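K.L.:
First to last, the protein sequences are chains F and R.
In terms of this note's numbering, the first sequence has 42 at position 42, counting the first letter as 1, and numbering is strictly consecutive.
In terms of this note's numbering, the second sequence has 1076 at position 76, counting the first letter as 1, and numbering is strictly consecutive.
Since the hints were made in silico from the structure, they are not lab data.
Quick caveat, the model's predicted, so the values are computed rather than measured.
For glycine and all other residues, C-beta sits at the position ideal for the given N, C-alpha and C.
A portion of the hints provided could be inaccurate.
As the list claims (entries may be wrong) - Quick list of simulated restraints, FRET-style, between CB atoms:
1) 5(F) / 1040(R): 12 to 22 Å
2) 1040(R) / 7(F): 15 to 25 Å
3) 68(F) / 1080(R): 44 to 54 Å
Said to hold, decoys possible - Here are some of the chain F residues that sit facing chain R, going by a computed Cβ distance under 10 Å:
4) 92
5) 104
6) 108
Said to hold, decoys possible - These stretches of chain R come out as covered by chain F in the derived footprint (C-beta under 8 Å, 3 or more residues):
7) 1039-1045
8) 1094-1101
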Amino acid sequence: EAGVTQSPRYAVLQEGQAVSFWCDPISGHDTLYWYQQPRDQGPQLLVYFRDEAVIDNSQLPSDRFSAVRPKGTNSTLKIQSAKQGDTATYLCASSLVGGSQNTLYFGAGTRLSVL
Amino acid sequence: TQTVSQSDAHVTVFEGDSVELRCNYSYGGSIYLSWYIQHHGHGLQFLLKYYSGNPVVQGVNGFEAEFSKSDSSFHLRKASVHWSDSAVYFCAVSATGTYQRFGTGTKLQVVP
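The shape of chain R in the complex, shown without the other chains (with noise of 0.2 Å):
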């Protein structure tokens, strides 16, 4: 069974800051590994998704994530943040034939 933490429930940068959202799965096989974001009120947006290839993937609005097989993450970063990046963001893993699983979330605040 695949498994998914996101260690940081909540982040505050300012704006312009760089940020760094964690994610750490377990599972043995081959995955796939996937970032939302769910502004209040709404429902989940897809950012990027990694399979294989090259470890770095691009996402929409600036976003990027890197994976590590060593380490078990799947981080996300952008280099300089806006006050609408600010939203709840969810790292969700997956095997082949099996479903979605999400992590907890984590809550970023972008202070204007």
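Just chain F, with the same shape it has in the complex (with noise of 0.2 Å):
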């Protein structure tokens, strides 16, 4: 069974530059989620997903960044003007059958540096 697939890896960005992170969960895993790391802390939940559903975002600062799933699979999380203190790793995780009792599996990790 293939895991969490996360792409890309690392991502170098100016301030003010876009960037997009593409995941791909286990498959028939209905949730998914949005985690961003900073340097030496625990995850921070972003948004999750159940199928195309947006469940909570409302960690997610709405004005630069955007998350969507559009057909239950795959998600794409998009900063729009990137800021240095957006310099984190942004982990997805996706779970079966949701809920929060489920095991949580987490892909690698895009690690982004904004200059």
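Two chains, two frames, some hints: make the complex.
P.N.:
See the structure below:
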């Protein structure tokens, strides 16, 4: 069984540039999460989906960040105009049947540096 | 809202020693607790979880954790660590219908 796949692995931007991150969850997993992990900190939720519906995006900076999962499978997270404070690793995770009790399966992450 | 805290940012032990990594949570209702491991440059990997039943849960690679409602804790233990256990360990908490919230992590260094 293939794991969660993320691309790119690394991204380096100047402030104001845009970037997109892509995530392919484990096949059949209905719930997909995007977490932001600043250096030496724990993952912090940005947004999560059940199928194609957004369940919680309250911590997504909506003025510059957007996330979609149009067919309930792959997902894209986009930063419209990056800031230095966005420097972090962006982790995608998926789980089966939703619910907080389910195990999260993480991808390797995309490490973003904003100069 | 559920919160989770990991009081130790760094723990250093020698290979073969036992280790306990601490996790405390705050929430008044039914709670789900998990531990994950993150090796450098990789995503998080699931170790074990607890929701109900036996408060001592066994995980992969010899890890176990014990839930204590009275102490609001879910500490992770291993009887004899190996150098390959060096990593960052995250405790996570959630309630029904909510997402998992992670602690700040404990970096475990195992000295050969």
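K.L.:
Would you mind marking each hint as holding or not holding in the structure?
P.N.:
So, going through the hints one by one against the coordinates:
1. 5(F) / 1040(R): 12 to 22 Å: 20 Å, holds
2. 1040(R) / 7(F): 15 to 25 Å: 20 Å, holds
3. 68(F) / 1080(R): 44 to 54 Å: For residue 1080(R) against residue 68(F), whose Cβ atoms are near 47 Å apart, the range 44 to 54 Å holds.
4. 92: 8 Å, holds
5. 104: 6 Å, holds
6. 108: 5 Å, holds
7. 1039-1045: Contact hint for the region 1039-1045 of chain R vs chain F: holds, 5 residues under 8 Å.
8. 1094-1101: Per the Cβ count (8), the hint holds.
Checked against the numbered hints above, the structure violates none of them.
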